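Enquirer: Sequence:
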Amino acid sequence: MARFTLPRDIYFGPNALSELKNLKGYKKAFIVTGGQSMRKTGFLQKLEDVLKDAGLQTRIYDGVEPDPSIERVYDGAKAMREFEPDVIVAIGGGSPMDAAKAMWVFYEYPEKTFEDIKNPFTMPKLRKKAIFVAVPSTSGTASEVTAFSVITDYSTDIKYPLADFEITPDIAVLDSDIPMTMPKTLTAHTGMDALTHAIEAYVASARSDFSDALALKAISSIFDNILDSYNGDAEARGKMHIAQCLAGMAFSNALLGIAHSLAHKTGAVFHIPHGCCNAILLPNVIQYNSRVCMERYAQIAREIGLPGATDKQLTNALVEAIRELNKKLNIAQTYKDNGVKEEDFKAHCQSIAENAVGDPCTASNPRETNAENMLKVLTCAYYGEDVNF
Numbered sequence: 297m298a299r300f301t302l303p304r305d306i307y308f309g310p311n312a313l314s315e316l317k318n319l320k321g322y323k324k325a326f327i328v329t330g331g332q333s334m335r336k337t338g339f340l341q342k343l344e345d346v347l348k349d350a351g352l353q354t355r356i357y358d359g360v361e362p363d364p365s366i367e368r369v370y371d372g373a374k375a376m377r378e379f380e381p382d383v384i385v386a387i388g389g390g391s392p393m394d395a396a397k398a399m400w401v402f403y404e405y406p407e408k409t410f411e412d413i414k415n416p417f418t419m420p421k422l423r424k425k426a427i428f429v430a431v432p433s434t435s436g437t438a439s440e441v442t443a444f445s446v447i448t449d450y451s452t453d454i455k456y457p458l459a460d461f462e463i464t465p466d467i468a469v470l471d472s473d474i475p476m477t478m479p480k481t482l483t484a485h486t487g488m489d490a491l492t493h494a495i496e497a498y499v500a501s502a503r504s505d506f507s508d509a510l511a512l513k514a515i516s517s518i519f520d521n522i523l524d525s526y527n528g529d530a531e532a533r534g535k536m537h538i539a540q541c542l543a544g545m546a547f548s549n550a551l552l553g554i555a556h557s558l559a560h561k562t563g564a565v566f567h568i569p570h571g572c573c574n575a576i577l578l579p580n581v582i583q584y585n586s587r588v589c590m591e592r593y594a595q596i597a598r599e600i601g602l603p604g605a606t607d608k609q610l611t612n613a614l615v616e617a618i619r620e621l622n623k624k625l626n627i628a629q630t631y632k633d634n635g636v637k638e639e640d641f642k643a644h645c646q647s648i649a650e651n652a653v654g655d656p657c658t659a660s661n662p663r664e665t666n667a668e669n670m671l672k673v674l675t676c677a678y679y680g681e682d683v684n685f
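Add 296 to the 1-based position in the sequence shown for my numbering, that's all there is to it.
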């Protein structure tokens, strides 16, 4: 038997944040956010005002860093236990949402450790103390609708994608006013992250008719809107905000593949943004996986109107279309061109490949892989070579 899980409620569109006035009957809201951007733009204050108008006492926990650490998660959970909220609200990019999800676990189960939950689908039942509300400020991670949270162990430079349907948010608020504040580089990186989510979900081993429909719609909308969104078009920003959510619903259920396995590990070691890593890796991973699912990539190419008389021609056209997007979004196509020195790459590439094999996303990749092939794909992505094995 398969399963398909989504948040109970998704509010979307301009001023969607105001819909949180419907949170009646709750007493305390613990708000988790990142740096100063939500405060400077006024959205943090707006969130707090809406919650207070609904009758909730609030506390803000800010300063969640990009790629949140295990220590940050423990600290936030401690603050939650002191405040005792019955609603947890995360607002910001993927990092505060991911951190808040993990904090939620340790708030409800203070006796647990990170070791207890780092393996997929090992989390205890949640919602004994609080429900979870997610408000994304970026258009890429889709953490507001997913069963995932990425937490970094800086003692080993390994990112752990925690996975369990228990941490799927109860409510997602897609306020299309918020992503208008994103700078261009962040818009590019998060947009390519969303595209990678959708493409990997469409070919993943756990895919279904439900996830296929969401993934294809997301891919089509992203190709239509990502460049206009990058250039600041308001309507396109709003459409990208919805498209990345559709991709999130797809991959949360269909799972992902080795583009994400390698992005998790390279991002932690080389300190390159996650979406940028995915943009670099996606063409090479498509080439690698096409040996076993070329017809799926060809269907994606047909969906977005690319030329080709055969599945191979269509798949090649998809790879080139993604590379062209990267170029127009000013994303350098290789790790080398993104500033990773060759000596650093050679020093870490073997351990990255080995750790990527153990990443939870590897299990759902359509083509089986091992450390040797993972290293070959990574090497191609470093030097800008095609994958032909």
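Worth flagging that the hints you see were computed from the coordinates, not collected in a lab. None of these values were measured; they are calculated from a predicted model. Don't be surprised by glycine CBs; every beta carbon is placed ideally from N, CA and C. A couple of the hints might just be wrong.
Said to hold, decoys possible - With a cut-off of at most 25 Å between alpha-carbon atoms, the simulated SDA-like pairs for lysine to any residue come out as follows: (1) 374 - 354; (2) 348 - 338; (3) 672 - 568.
As the list claims (entries may be wrong) - Simulated restraints on C-beta separations: (4) 628 - 300: 44 to 54 Å; (5) 317 - 666: 49 to 59 Å; (6) 664 - 336: 22 to 32 Å.
Enquirer: A separate judgement is required for each hint: does it hold in the structure or not?
Expert: So, going through the hints one by one against the coordinates:
1. 374 - 354: holds, 16 Å
2. 348 - 338: holds, 15 Å
3. 672 - 568: Cα-Cα ~20 Å, so holds.
4. 628 - 300: 44 to 54 Å: violated, 37 Å
5. 317 - 666: 49 to 59 Å: holds, 53 Å
6. 664 - 336: 22 to 32 Å: violated, 47 Å
Checked against the numbered hints above, the structure breaks hints 4 and 6 and satisfies the rest.
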